[in-house]
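> As a plain string of letters, each chain reads:
4 protein chains.
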Amino acid sequence: MTIKVAIAGARGRMGVEAVKAVGHAADMEIVAILDYKHDGLFLHEEQVNDHGEGYPIYTSFDVLIQEKAPDVLLDLTTPDVVFTHMNEAIQHGVRPVVGTSGLQMDEIEQLTALAKEREVGGIIAPNFSIGAVLAMKFTAYAAKYLQDVEIIELHHNQKVDAPSGTAMKTVEMITKVREAHKQGHEDEKELIEGARGADVEGMRVHSVRLPGLLAHQEGLLGGEGELLTIRHDSFNRSSFMPGVLMSIRHVMNDKELVYGLEHILD
Amino acid sequence: MTIKVAIAGARGRMGVEAVKAVGHAADMEIVAILDYKHDGLFLHEEQVNDHGEGYPIYTSFDVLIQEKAPDVLLDLTTPDVVFTHMNEAIQHGVRPVVGTSGLQMDEIEQLTALAKEREVGGIIAPNFSIGAVLAMKFTAYAAKYLQDVEIIELHHNQKVDAPSGTAMKTVEMITKVREAHKQGHEDEKELIEGARGADVEGMRVHSVRLPGLLAHQEGLLGGEGELLTIRHDSFNRSSFMPGVLMSIRHVMNDKELVYGLEHILD
Amino acid sequence: MTIKVAIAGARGRMGVEAVKAVGHAADMEIVAILDYKHDGLFLHEEQVNDHGEGYPIYTSFDVLIQEKAPDVLLDLTTPDVVFTHMNEAIQHGVRPVVGTSGLQMDEIEQLTALAKEREVGGIIAPNFSIGAVLAMKFTAYAAKYLQDVEIIELHHNQKVDAPSGTAMKTVEMITKVREAHKQGHEDEKELIEGARGADVEGMRVHSVRLPGLLAHQEGLLGGEGELLTIRHDSFNRSSFMPGVLMSIRHVMNDKELVYGLEHILD
Amino acid sequence: MTIKVAIAGARGRMGVEAVKAVGHAADMEIVAILDYKHDGLFLHEEQVNDHGEGYPIYTSFDVLIQEKAPDVLLDLTTPDVVFTHMNEAIQHGVRPVVGTSGLQMDEIEQLTALAKEREVGGIIAPNFSIGAVLAMKFTAYAAKYLQDVEIIELHHNQKVDAPSGTAMKTVEMITKVREAHKQGHEDEKELIEGARGADVEGMRVHSVRLPGLLAHQEGLLGGEGELLTIRHDSFNRSSFMPGVLMSIRHVMNDKELVYGLEHILD
Numbered sequence: 006m007t008i009k010v011a012i013a014g015a016r017g018r019m020g021v022e023a024v025k026a027v028g029h030a031a032d033m034e035i036v037a038i039l040d041y042k043h044d045g046l047f048l049h050e051e052q053v054n055d056h057g058e059g060y061p062i063y064t065s066f067d068v069l070i071q072e073k074a075p076d077v078l079l080d081l082t083t084p085d086v087v088f089t090h091m092n093e094a095i096q097h098g099v100r101p102v103v104g105t106s107g108l109q110m111d112e113i114e115q116l117t118a119l120a121k122e123r124e125v126g127g128i129i130a131p132n133f134s135i136g137a138v139l140a141m142k143f144t145a146y147a148a149k150y151l152q153d154v155e156i157i158e159l160h161h162n163q164k165v166d167a168p169s170g171t172a173m174k175t176v177e178m179i180t181k182v183r184e185a186h187k188q189g190h191e192d193e194k195e196l197i198e199g200a201r202g203a204d205v206e207g208m209r210v211h212s213v214r215l216p217g218l219l220a221h222q223e224g225l226l227g228g229e230g231e232l233l234t235i236r237h238d239s240f241n242r243s244s245f246m247p248g249v250l251m252s253i254r255h256v257m258n259d260k261e262l263v264y265g266l267e268h269i270l271d
Numbered sequence: 006m007t008i009k010v011a012i013a014g015a016r017g018r019m020g021v022e023a024v025k026a027v028g029h030a031a032d033m034e035i036v037a038i039l040d041y042k043h044d045g046l047f048l049h050e051e052q053v054n055d056h057g058e059g060y061p062i063y064t065s066f067d068v069l070i071q072e073k074a075p076d077v078l079l080d081l082t083t084p085d086v087v088f089t090h091m092n093e094a095i096q097h098g099v100r101p102v103v104g105t106s107g108l109q110m111d112e113i114e115q116l117t118a119l120a121k122e123r124e125v126g127g128i129i130a131p132n133f134s135i136g137a138v139l140a141m142k143f144t145a146y147a148a149k150y151l152q153d154v155e156i157i158e159l160h161h162n163q164k165v166d167a168p169s170g171t172a173m174k175t176v177e178m179i180t181k182v183r184e185a186h187k188q189g190h191e192d193e194k195e196l197i198e199g200a201r202g203a204d205v206e207g208m209r210v211h212s213v214r215l216p217g218l219l220a221h222q223e224g225l226l227g228g229e230g231e232l233l234t235i236r237h238d239s240f241n242r243s244s245f246m247p248g249v250l251m252s253i254r255h256v257m258n259d260k261e262l263v264y265g266l267e268h269i270l271d
Numbered sequence: 006m007t008i009k010v011a012i013a014g015a016r017g018r019m020g021v022e023a024v025k026a027v028g029h030a031a032d033m034e035i036v037a038i039l040d041y042k043h044d045g046l047f048l049h050e051e052q053v054n055d056h057g058e059g060y061p062i063y064t065s066f067d068v069l070i071q072e073k074a075p076d077v078l079l080d081l082t083t084p085d086v087v088f089t090h091m092n093e094a095i096q097h098g099v100r101p102v103v104g105t106s107g108l109q110m111d112e113i114e115q116l117t118a119l120a121k122e123r124e125v126g127g128i129i130a131p132n133f134s135i136g137a138v139l140a141m142k143f144t145a146y147a148a149k150y151l152q153d154v155e156i157i158e159l160h161h162n163q164k165v166d167a168p169s170g171t172a173m174k175t176v177e178m179i180t181k182v183r184e185a186h187k188q189g190h191e192d193e194k195e196l197i198e199g200a201r202g203a204d205v206e207g208m209r210v211h212s213v214r215l216p217g218l219l220a221h222q223e224g225l226l227g228g229e230g231e232l233l234t235i236r237h238d239s240f241n242r243s244s245f246m247p248g249v250l251m252s253i254r255h256v257m258n259d260k261e262l263v264y265g266l267e268h269i270l271d
Numbered sequence: 006m007t008i009k010v011a012i013a014g015a016r017g018r019m020g021v022e023a024v025k026a027v028g029h030a031a032d033m034e035i036v037a038i039l040d041y042k043h044d045g046l047f048l049h050e051e052q053v054n055d056h057g058e059g060y061p062i063y064t065s066f067d068v069l070i071q072e073k074a075p076d077v078l079l080d081l082t083t084p085d086v087v088f089t090h091m092n093e094a095i096q097h098g099v100r101p102v103v104g105t106s107g108l109q110m111d112e113i114e115q116l117t118a119l120a121k122e123r124e125v126g127g128i129i130a131p132n133f134s135i136g137a138v139l140a141m142k143f144t145a146y147a148a149k150y151l152q153d154v155e156i157i158e159l160h161h162n163q164k165v166d167a168p169s170g171t172a173m174k175t176v177e178m179i180t181k182v183r184e185a186h187k188q189g190h191e192d193e194k195e196l197i198e199g200a201r202g203a204d205v206e207g208m209r210v211h212s213v214r215l216p217g218l219l220a221h222q223e224g225l226l227g228g229e230g231e232l233l234t235i236r237h238d239s240f241n242r243s244s245f246m247p248g249v250l251m252s253i254r255h256v257m258n259d260k261e262l263v264y265g266l267e268h269i270l271d
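For the record, the sequence lines run as chains A, B, C and D. At position 184 of the first sequence (counting the first as 1) the number is 189 in the numbering used here, and the numbers step up by one without a gap. At position 260 of the second sequence (counting the first as 1) the number is 265 in the numbering used here, and the numbers step up by one without a gap. At position 80 of the third sequence (counting the first as 1) the number is 85 in the numbering used here, and the numbers step up by one without a gap. At position 266 of the fourth sequence (counting the first as 1) the number is 271 in the numbering used here, and the numbers step up by one without a gap.
Be aware that a few hints might be false.
Copies of the same chain look alike in the list, so a pair counts if it works inside one copy or between any two.
[Unchecked claim] Calculated cross-link-like contacts (lysine-lysine; reagent style DSBU-like; alpha-carbon spacing at most 35 angstroms):
#1 K73 - K174
#2 K260 - K42
#3 K42 - K194
#4 K181 - K9
#5 K149 - K25
#6 K164 - K260
#7 K149 - K42
#8 K25 - K181
Calculated from the structure, these hints are not laboratory results. Given the structure is predicted, the values throughout are model-derived calculations rather than measurements.
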């Protein structure tokens, strides 16, 4: 059986990749694009199906659902519209697969309750990269046993914030499995301020910014006489697509809304 | 309550470390050393308790058990005696913690059955390094999702065999979670023989041998646009001790014999 | 003074990058494109100058030289035409900067002699990446002191040949500074064929091929108690442009033809 | 011809290694040990020559020189006595090889002048590790071309100061070949203080401290589309010995005092 997928946010950077990935998946079919700014034109030139045809574009989600009855809504839009989309989707039994971060905690709770009531599967994944999610999961798991941890995250020099969101998320996951404790020598002295990095409950986070770099992260866990290093390198946006496809397949067989790709990696 | 530990194999390289580690653990006490070659002398100079005293040495396990009633037997001897030790230990309700590899499969089965019958906890761990065991576990787990895997193991140039035992064990664990498949380009060509490494069900294993190196392993898992690397560095034998202590604590609360440290990492 | 540059091979993958890079360099001007297949059309849409104008395209090098009098010919074409281009350029005092590999040794000698006679600067660089050239140079230099070397090169799984050309070039450079000698344990044993990699005068070369990877190389040099690692990561073709611009500037002040970017790094 | 070596500081950690290394070098002979605290006893048990004999110990450098006429003084003592030793050695034509850091600049100048006058070779090397010196040299050299640099140095958690001396020395070498400039995004923002590390003329230095680690340093140099990484791992003190032996051989053929092992790597 082919999974019928509607995509919102198809013109964005993630969207362009997603249309290609879903469009080429043997067990999926893009039945519609939701695009409020649609002006009668098609999408980008390369966003066509295997027959070279464009996809039907809708400016109303309601009409889209009625006419195309999608199984799944893949939503790669922005926080301001995604709640409405998800709410409407779940109401109509359309399973949401959402890559947009930025939903409020109470919104997520509301949607989770609704999905449970209607027995509709769904997933909200701030990060669709399977490798990145595995890296975070492993780092946090290992921190139970090797409790001295430092994170080095490395990005191109066009990134403004330090540390990265992924580093902050990793650190947060670690704080759930280990007690806060000061790391390093008790009389440690920074000869130059900042040398020892950002301090989060004793863990140290270091942010490297260099031209040429893409997105990389290393979790270093030290123990007596040994070091465990978990590193993830993101080379391009296509790395998110296997996680998107896995999510689409997963929600077809689930009856709940989950938050985080890690929960569907068994 | 203090755990009473008897140690066999205390003069070996692992044993020397273990006497120090167990001797300094606040919740443990070394009640006896089992040493058939005992000639009336003490162990190495540094193998003493916190009061600078040597440990009582026995040349008979039977007598040792009767006089000292240990809770745990930490056995770091050789394959030829370990089965007898374990068998006798379990019979007397002494929990075995064993670092010796080389037991036969049927011996392990026999001991497992006995331990179950007597409700005695125990563990046989070919590798007591928590970091190394986590690295293998993570690599195998990740291979379910990122199925193209290469292993690079790096050791000092005094190591004879290639690949290393840990690399072989890792590869074996991976074969259980992924289908064999040829990796690399289908028309791949080695301009010089061996460039692509050892082939194990399509996975490639590369062995680096250099002076200066100790014991290191990297698992590289590639996916569309991303790379996950899991690396473990062993800097010295002390890295095995946290796993030894964890095992001693674990068997006190278990009623089964398990094989592999990975099974007591929850 | 602005350097007047003519570019041959502008439609190729390197060419597209080069038109952008030279077009944006403050001290350079693209005065002409040499393109035999020119059909009256401009180049790719994005290949325009800062005023949005296309560049003048010539189908004859002779006419180009007469009308535009370039200082430098940047040649990114194929081996079959590059000799003729270089010969003609040097004859007319136009300095060649050439990225095409594949020239015969006797052709290079002939061009070198001609450039010397006419006192015209020029460079042939099989690899324009400054980082890659530095990495090779450093690895070879270090091998004088740390004579046990292994090379790990890592590329995407669409690469057919193993080892890579860069690895072979690195190894060749090393053989000039150290004596061949067997590395590893003298009784070394491969439990699985190929584990120890390709053997080049005792050095070992390992080729990793994984989806997701781009182009990476590590030189590992081991000594008593230490390891020196020199790693280069190529993330995209833009990494060649600084070397192209450096070469264009260099040939303006040289009176010889050199082979290899390493010779203009002082 | 065998080089006759006298060693001062033989009981220290470096000294113990040095006695072994020089004692086993085929072209060297330890003719005397200078040890003011000598109380008639020999050195450590293992500090003997190949015949199992201890080395002659002197408590006066004057007498030592007269009786043993060493070619070289290998001095591994402390800053308070090393100047006197060097001065006296050079006066008597004994070539000093000195691993002690902490000499004042004017002392070094004075000794350099004296060595020149007497035409006596000598070397003061704050770091005898060839690999570490090569790593610093390469990082500084590369920074001429790839001017965005970050240093990550990693040490065991018993180290008090951050950054390490080697990192500071590396950074100092880099400042001589590149202009200071702010690295990273111009609007860069640290969400947690210290994330971007220590700032030295725009370069960023990050200090990792973990149990298990020994002494490691990575220089990362980023350029358009590429990354060059130069890493050095020190696994134990024996890594200093090849540099010590190279220095002893070097001073036999030199007539000047040099500062830094990098100056005798050709």
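> Confirm or reject each hint.
Hint check:
1. K73 - K174: Intra 37 angstroms, inter 51 angstroms, cutoff 35 angstroms: neither.
2. K260 - K42: So K260 and K42 pass the 35 angstroms test inside one copy only (32 angstroms; across, 60 angstroms).
3. K42 - K194: between (56 angstroms within a copy, 34 angstroms between copies)
4. K181 - K9: This pair counts as between: shortest inter-copy Cα distance 33 angstroms, intra-copy 38 angstroms.
5. K149 - K25: between (40 angstroms within a copy, 24 angstroms between copies)
6. K164 - K260: Intra 38 angstroms, inter 43 angstroms, cutoff 35 angstroms: neither.
7. K149 - K42: So K149 and K42 fail the 35 angstroms test inside a copy (49 angstroms) and across (40 angstroms) alike.
8. K25 - K181: between (38 angstroms within a copy, 32 angstroms between copies)
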